[in-house]
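Generate coordinates for the entire structure from the input sequences, incorporating the hints supplied.
Which chain is which? The protein sequence lines are A and B, in order.
Using my numbering, the first residue of the first sequence is number 1, and each one after it goes up by one.
Using my numbering, the first residue of the second sequence is number 1, and each one after it goes up by one.
Hints listed in this document are in silico derivations from the structure and should not be mistaken for laboratory results.
Built from N, CA and C at the ideal position, the CB exists for glycine as well.
Any given hint could be a false lead.
Residues from chain A that face chain B, not an exhaustive set, calculated with beta carbons under 8 Å [said to hold, decoys possible]: (1) Pro14; (2) Cys62; (3) Trp75; (4) Gly78; (5) Thr80.
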Amino acid sequence: MAYSKKVIDHYNNPRNVGSLDKQDDSVGTGLVGAPECGDVMKLQIRVEDDHIVDAKFKTFGCGSAIASSSLATEWVKGKTLDEAMEIRNVDIVEELSLPPVKIHCSVLAEDAIKTAINDYKSKHGQAG
Amino acid sequence: MKTPIYLDNHATTRVDPRVVEAMLPHFTEDFGNAASRNHAFGWVAEEAVEQAREQVAALIGAGAKEVVFTSGATESDNAALVGVAEFYKEKGDHIITATIEHKAVLDTCQMLEQRGFRVTYLEVDEKGSIDLEQLEAAITDKTTLISLMAANNEIGTLHPLKEIGAIARKHGVLFHCDATQGVGHQKIDVEEMNIDLASYTAHKIYGPKGIGALYVRRRKPRVRITPIIYGGGHERGIRSGTLNVPGIVGFGKAAELMLADGPTENQRIRALRDRLREGITREIDFVYLNGHAEFRHPGNLNLSFAFVEGESMLMGIDDIAVSSGSACTSASLEPSYVLRALGVGDDLAHSSIRFGVGRFNTEEEIDHTIRRVVETVSRLRDMSPLYELAQEGVDIKSIQWNAH
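See below:
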């Protein structure tokens with residue numbers, strides 16, 4: 001299967017690989033997917049004044065899954081929590097030119113963002 | 001050293017230049033139809049076909065008259081299974097095969113089940129081996145055929161052909177062997193192993209694509225099959241259609257080279273394969289061998305790299321041509337059914353890579369591959385949340401994952 005240039009670029013130069021301290025109150029963690037399905041994403045955000053000031057990811061999955069999560073960390077940085085909640089998987093599909101069989105990678109990335117935000121909110125007594 | 005490096009010799013092989021040379025005149029000068037009985041073009045073609053038939057037969061210890069040319073091993077498997085099932089249906093309606101056979105056998109068996117035949121699929125152990133007692137116990141007075149492969153195309157595990165043949169003979173059941181991967185890479189002798197039908201193809205032994213053979217035993221017992229292709233009665237009525245003369249000549253040459261050089265060549269290939277395995281496992285941990293450690297195709301290495309997904313591995317080692325059992329590399333989005341049958345967890349099936357070493361690989365290529373695999377696995381593990389969890393001592397199986 002041929003990959004788009006953007007997928008290859010994110011795969012070769014993934015943005016924001018790493019981990020934040022999940023115990024830290026300012027950090028929200030989203031761990032989504034399942035090993036037996038062939039993809040697991042961990043996306044973490046650091047929040048200050050309702051803004052996402054940092055984001056990190058680690059992904060077990062195909063090149064498109066790695067690219068989707070790498071792109072997701074780029075996009076959430078600098079956004080408010082509400083703005084980040086607006087990111088849709090179709091935007092990721094379009095940006096990375098994902099073929100139909102890889103759409104689930106973008107769905108997983110959207111899930112990861114939302115799960116991380118909800119984790120942060122639940123730490124601060126807000127409904128997820 | 002030229003890249004990309006080809007290490008996918010179970011998928012297909014490069015045609016040996018000596019094979020190409022043997023084929024060439026049959027496209028241009030000697031292009032006749034082997035069925036043309038009344039002029040020199042036909043006679044030359046027929047003579048070339050009959051010489052090749054002897055070479056192809058010799059590779060498995062068969063007689064030339066027992067070899068029928070087909071379009072490839074998939075057709076041979078279809079012809080054997082359907083042909084025996086149909087011809088012997090008055091005697092019985094039961095076939096025995098195994099869960100890890102090639103789809104050319106399994107899909108044909110499924111079709112036969114829809115036509116009312118019954119099929120037993122033998123389970124395999126974690127190395128891909130069948131249990132001979134289970135095989136014998138599965139035989140009934142309605143069983144007409146046992147179909148088991150020589151070497152598995154994904155994990156390389158060999159079935160014990162001689163023992164299977166003895167059991168089949170003892171019960172008066174025919175034995176079909178899909179020898180596609182095994183032929184030339186392990187000893188296959190239809191007499192010693194009591195094989196009654198065998199499928200094989202040129203393109204796995206450095207010959208051209210589009211030409212295969214079906215061995216059909218002629219005596220003790222004389223095996224009969226109902227044809228699946230009609231139209232002209234070529235190949236003694238078993239397989240109609242104008243013979244692919246250049247392909248057949250190439251198959252013959254490839255078989256001749258295999259018969260002469262196979263034993264030495266397989267030692268060299270096995271040594272390269274072992275070098276690859278040792279080089280990789282020396283450098284990285286959590287690497288698991290799929291299939292049998294010793295009783296295995298000499299060129300086959302199937303490894304699961306825990307915490308790393310197969311397709312992302314392939315993307316990382318993009319100057320090396322290999323294949324993966326990961327769902328992401330298949331059209332079905334299901335991981336390899338062969339690895340599943342071995343009881344390899346889906347997570348490790350997604351992490352599997354099949355290396356197929358062959359005639360044209362060099363030590364330099366193997367060493368380059370080791371370096372690239374080690375680099376890529378390390379890089380991908382650094383970004384794998386599963387590896388991180390494992391390093392923290394978390395048992396991945398203890399986590400409640402949301403399967404999607």
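Hints, one by one, checked against the model:
1. At its closest, the beta carbon of Pro14(A) sits 6 Å from a beta carbon of chain B; the interface hint therefore holds under the 8 Å criterion.
2. Annotation: Cys62(A) was flagged as interfacial toward chain B, and the flag holds, the nearest CB pair being 4 Å apart, inside 8 Å.
3. Because the smallest distance between the Cβ of Trp75(A) and any Cβ of chain B comes to about 18 Å, over 8 Å, the interface hint for this residue is violated.
4. Restraint check, Gly78(A) versus chain B: the minimum CB separation of about 22 Å is more than 8 Å; hint violated.
5. The restraint placing Thr80(A) at the interface with chain B is violated, with a minimum CB-CB distance near 26 Å, outside the 8 Å limit.
This entry does not satisfy hints 3, 4, 5, going by the numbered hints stated previously.
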